[in-house]
Amino acid sequence: MTGRSSESVVAETDWDALREAARDAMRKAYVPYSKFPVGAAAVTDDGRIVSGCNVENASYGITLCAECSLVSDLVMTGGGRLVAFACVDGNGGVLMPCGRCRQLLYEHSDEAMVLDTVSGFKTIDEVIPDAFGPRQLEQYRASQS
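Note that the working numbering has the sequence shown beginning at 3, numbered continuously upward.
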């Protein structure tokens, strides 16, 4: 899917299957404190599906979000870039990642990455405008040559 437009990502992604992968991950969440399970799933640029769930901790500040778990799965299974993303709550409904998690997703996103959001499909650049990440560092390095 790499090098495609966001429109082609939307058209080529099996969003129902991606949401179901997120629901499967959500069912594995460890949430004894909030009782708010979250699951996330994404398609990579080589077609794999990676997923994650939230894992809480009694020291709330070190709780892992589902997106953190998903990125760990991405890195552990070969890396790559995320091209399509879905996140669900404990009822299986679409859930928007928080700002911190949007930054985390941006770090590992393809330029045309699309997210399934509560207000429809949106690109990563739409949900975290003017972001700073690897692309900006690459542009800077290129300008120094």
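In short, the hints are calculated from the structure, not lab data. One or more of the hints may lead you astray.
[Unchecked claim] For each label pair, taking beta carbons as the anchor points, the in silico distance ranges come out as: (1) S10 to T65: 34 to 40 Å; (2) S36 to R137: 29 to 35 Å; (3) R6 to S147: 23 to 29 Å.
By construction, the Cβ of each residue, glycine as well, lies at the ideal position given by its N, Cα and C atoms.
- Item | Hint check, failures only | Checked against the structure, no hint fails, so every one of them is satisfied.
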